[in-house]
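Number of protein chains: 4
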Amino acid sequence: MDMDQLLAQVVQDIEPQIGSGVVADYIPALAQVDPAQFGIAVALPDGSVHGTGDWTEPFSLQSISKLFTLALALSENDESIWPRVGREPSGNAFNSLVQLEYENGIPRNPFINAGALVVTDHLAGVVGDAADSVLDFLRAEADNPQIDCDDDVAASEAAHADRNLALAHFLASYDNIRGDVPRVVDQYVRQCAIAINCRDLALAGLFLARHGLRRDGSRMLSPGQTKRINAVMLTCGTYDAAGEFAYRVGLPGKSGVGGGILAVVPGRCSVAVWGPGLDKRGNSVAGVAALDRFTALTDWSVF
Amino acid sequence: MDMDQLLAQVVQDIEPQIGSGVVADYIPALAQVDPAQFGIAVALPDGSVHGTGDWTEPFSLQSISKLFTLALALSENDESIWPRVGREPSGNAFNSLVQLEYENGIPRNPFINAGALVVTDHLAGVVGDAADSVLDFLRAEADNPQIDCDDDVAASEAAHADRNLALAHFLASYDNIRGDVPRVVDQYVRQCAIAINCRDLALAGLFLARHGLRRDGSRMLSPGQTKRINAVMLTCGTYDAAGEFAYRVGLPGKSGVGGGILAVVPGRCSVAVWGPGLDKRGNSVAGVAALDRFTALTDWSVF
Amino acid sequence: MDMDQLLAQVVQDIEPQIGSGVVADYIPALAQVDPAQFGIAVALPDGSVHGTGDWTEPFSLQSISKLFTLALALSENDESIWPRVGREPSGNAFNSLVQLEYENGIPRNPFINAGALVVTDHLAGVVGDAADSVLDFLRAEADNPQIDCDDDVAASEAAHADRNLALAHFLASYDNIRGDVPRVVDQYVRQCAIAINCRDLALAGLFLARHGLRRDGSRMLSPGQTKRINAVMLTCGTYDAAGEFAYRVGLPGKSGVGGGILAVVPGRCSVAVWGPGLDKRGNSVAGVAALDRFTALTDWSVF
Amino acid sequence: MDMDQLLAQVVQDIEPQIGSGVVADYIPALAQVDPAQFGIAVALPDGSVHGTGDWTEPFSLQSISKLFTLALALSENDESIWPRVGREPSGNAFNSLVQLEYENGIPRNPFINAGALVVTDHLAGVVGDAADSVLDFLRAEADNPQIDCDDDVAASEAAHADRNLALAHFLASYDNIRGDVPRVVDQYVRQCAIAINCRDLALAGLFLARHGLRRDGSRMLSPGQTKRINAVMLTCGTYDAAGEFAYRVGLPGKSGVGGGILAVVPGRCSVAVWGPGLDKRGNSVAGVAALDRFTALTDWSVF
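Chains as they are written, first to last, in my numbering: chain A, 1 to 303; chain B, 304 to 606; chain C, 607 to 909; chain D, 910 to 1212.
It is possible that part of the hints are untrue.
[Claimed, not checked] Chain A stretches covered by chain D per the calculated footprint, using a threshold of three residues with CB under 8 Å from any CB of chain D:
id	region
1	81–91
2	97–110
3	238–244
[Said to hold, decoys possible] Label pairs and their calculated CB-CB ranges:
id	chain 1	residue 1	chain 2	residue 2	range
4	B	435	A	32	42 to 50 Å
5	D	1084	B	462	51 to 59 Å
6	B	318	C	653	39 to 47 Å
These aren't lab readings, by the way, just hints derived from the structure by calculation. Beta carbons: idealized from backbone N, C-alpha and C, even for Gly.
Looking at chain A on its own, in the form it has when it is part of the complex:
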């Protein structure tokens, strides 16, 4: 199978859905994005990367950053995050406080906002600044020092951070945020505001397809840890649509409201897609459609 031909086929098949959905509008900086864009990139274990469409156009990383903070928190065989956050799907909205209250401040998983705040707090305790740590990792894996935080998005997020501040103070009331709350939220906001394109994102996620090995061949995670992150992605990676995503796409994936999705085919490749129009659960309409076609054409669903 020629990967470039395959990606061209995928884009052709989903053409009618490009531009569908609604661009995230909770902050002005995201609401201005042109919805009629679409990009896809596939990174292979040898480090090569193929792409088509708007695959070199940067978009806002948003919740996909949660995947990288989790991986960084687990690196060097550090499993100490687990008493502070669960691994179960939540059945509630990504920014709900209800579950937290019923379960005494332990978020259900690392990919809802509450869980990600706990992971950011933990990582900050290890490395100092979680957002800088994510940036360094992305730049190294994509071999692109230009990747950076979008200051407009970060400022816009910071001005609309009441829900995340509420979550973080609530977690702190259960002693599950240990750092200074505004500082943890600031790092969380900056990691979400990183701008990246499909090419770089696919390369940055390749370690999950390579059983934990980074670009330079060094080991970031053990094969067991890598499998486990993939499992958490599959069960919890796409907000309240993880079941639907598993059902349609059949791959571990993590989405963000910037319209990006990073998916993993263990042992074979990582795939980054981007389309700004979202469905009502916050996942890219064109992105999910493209991954659906991708697994149909390759038969690379894990099921």
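Add chains B, C and D to chain A, keeping to what the hints say.
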């Protein structure tokens, strides 16, 4: 009926319960209070006040302050607070966030923490500093300029304010806190930290028994507004035990975790009781028992 | 004050609201009622009764029956129902199952459907058939042997009983229904389907204004028990609008979706109103307005 | 790899955990099972089956039956069940009513009790008796006409069916059970009470590893449907521990409180394990441990 004899009888009848219950321990400054204290005071419409026991010993006002911020917010016929807070019992703990989420940021009533934060925010918008406004009112009604905030309690509360900061940021995310969140919480904490004794509290609550008239004869609330505050006290004034309190005592009342309760017999008197030991719902064990005896002996239940 | 003149004044004042609201339509038999009807009756401690409008037109008792099953369950100083049902407002819809699950099968109060099913089950265990027991009581107090169950309404309710069957089986799973579930629900449905008019309802509720004495002078409840039922009515008697009702009307009251409300002025009178149009919380629009005017004109609010 | 040696290795490795956990005790018939039993069987695409331990000892199928009713409901390309039941993990207990109420009677997935009752109701509408249909299927796939319902377990379940009757009546109140409620619950109870051993269960689940083909080579489900059932198993198949199961085992699996688990390695094999001792989320302690070892030794995790 001689009021002094009556109060002596009440204290004698509840003697076995003085010292029962558990002193609030969520902040160190409250946890140190000696539980074996008890005071009761009754203020009559003519401005006279009777008391017995530790009725001149100051205690922490805590949630009883919510009653005064509400009355001050409603004064001068200002009913503009109501679209921002309901008047229904909550069925949830006083500091729960669950209901807020299901009802889009409108607290069920002014006497749960979320509702009180909204009232404080509103009052701050009118008078500048809600805590100072409460202090001024208490001093005037009790004719005691010594009433003041307990700085140790305030500092202790401020150091444990994560739950209230979470509530306030959450409300702000629904645009239902309009002031600066940390500033609103600071005022809320200071109004809760006011130290007052039974004598002064009974006098300060007398306007509710006098259909809205203050000590100096000026009108604070209309008779209709006064009845309505009494109705909210009866249905919502004692946390998740309002039904039980209505059932046993049969009077409008507002309790605080400092162990105080202010109750109202419309047209007849206001009653302040204090006993630091709390039942599991946060109401003073000896205080509720004393009010129960008081209405039994006087037959002044509203039912 | 002349009571007939007073009632004429009340009706004149609320004229514009007669016919407002929406008739209950969850069963066909109720949906056919003409909304432009209104009646009011007041029963005095001497047994006399005054009324105006459609005060002799029968309507469906519905949830007001819960008040009579509770009183019958408590008669002869039997307080054994309380471990099985609470006395707190619920903060949830009258037929919600959520609270039951979080509180292990103990309904919050006797006036939500779950609580009423428990009371019916208890009463059935004492007297055999709870609905027959309510009928006997109503007939005796109103001195009207014609009062009866409306078989069309009962049949219609029975055909739409899935929600109540769900509640009852759920309670049974916590061992809080002891009788046969379909039989308990059948009795509950029949007590709700009783047809009664304002005159008879006011007379039937007079024992609550007479500190527990029945028409024939015999004691049904102690004065303390009577006060306590009045307290439960005030805090829990009008679905999720108990706070609002206390705030506007200031009397203990119990409403039903047939459009009736029974209110009590302790020591003075019982008042029955009826208007089929309901507000969105299930209380009669004209009925609440009439009681609001009644307490304004008489100054008989308990607050 | 020799499968018999592999299974012997698995059993040896988990030996210390056999007998751990607590036998289900909500019905007497299950509470009597000896916890110190363990069996495992693997069925290969060629129809051969390997096993060790108590692999021919029958146990109660319980919730694993939900997998077979779902597959039967989807057979012949019938996707009409999906508007009536979701495909998302629930985040609540398997028999919770809370989510149903917030989502208007649409169960989150087919593997919680509410969802399974809807599937049973649907299947009953197609085939007459859902439990008989499951029995026929199991007998055919396992080539064992002796498989049958355990009448003691069925009677015991029927006597403790209040929670399921509550769920079913609640669903019926949303028009999401269309058949007679007690009859649907009866069929549900009988399908759960089927007794089966590991050998027969592994054979019965082989169609999920064979992309939808039955023992006789006929097509039951399309490859796409089969993948989708596997996806639902992975995200929802092990109660509130689906994330943990995905994380540890990395295979689609469906568990039951009888102590059985059926897992699928797409394209390779089906695995049935049985150990009656359950963890606090209702999954077999020894069974999960065995599957964990199985994927570790084979490297057949899907991730």
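Against the structure, the hints come out as follows:
1. 81–91: Our answer is that it holds, as 6 residues pass the Cβ test (under 8 Å) against chain D, meeting three.
2. 97–110: Coverage by chain D holds for the region 97–110 of chain A (3 residues, Cβ < 8 Å).
3. 238–244: holds (count 5)
4. 435(B) <-> 32(A): 42 to 50 Å: holds, 44 Å
5. 1084(D) <-> 462(B): 51 to 59 Å: Between residue 1084(D) and residue 462(B), where Cβ atoms are some 54 Å apart, the hint holds.
6. 318(B) <-> 653(C): 39 to 47 Å: holds, 44 Å
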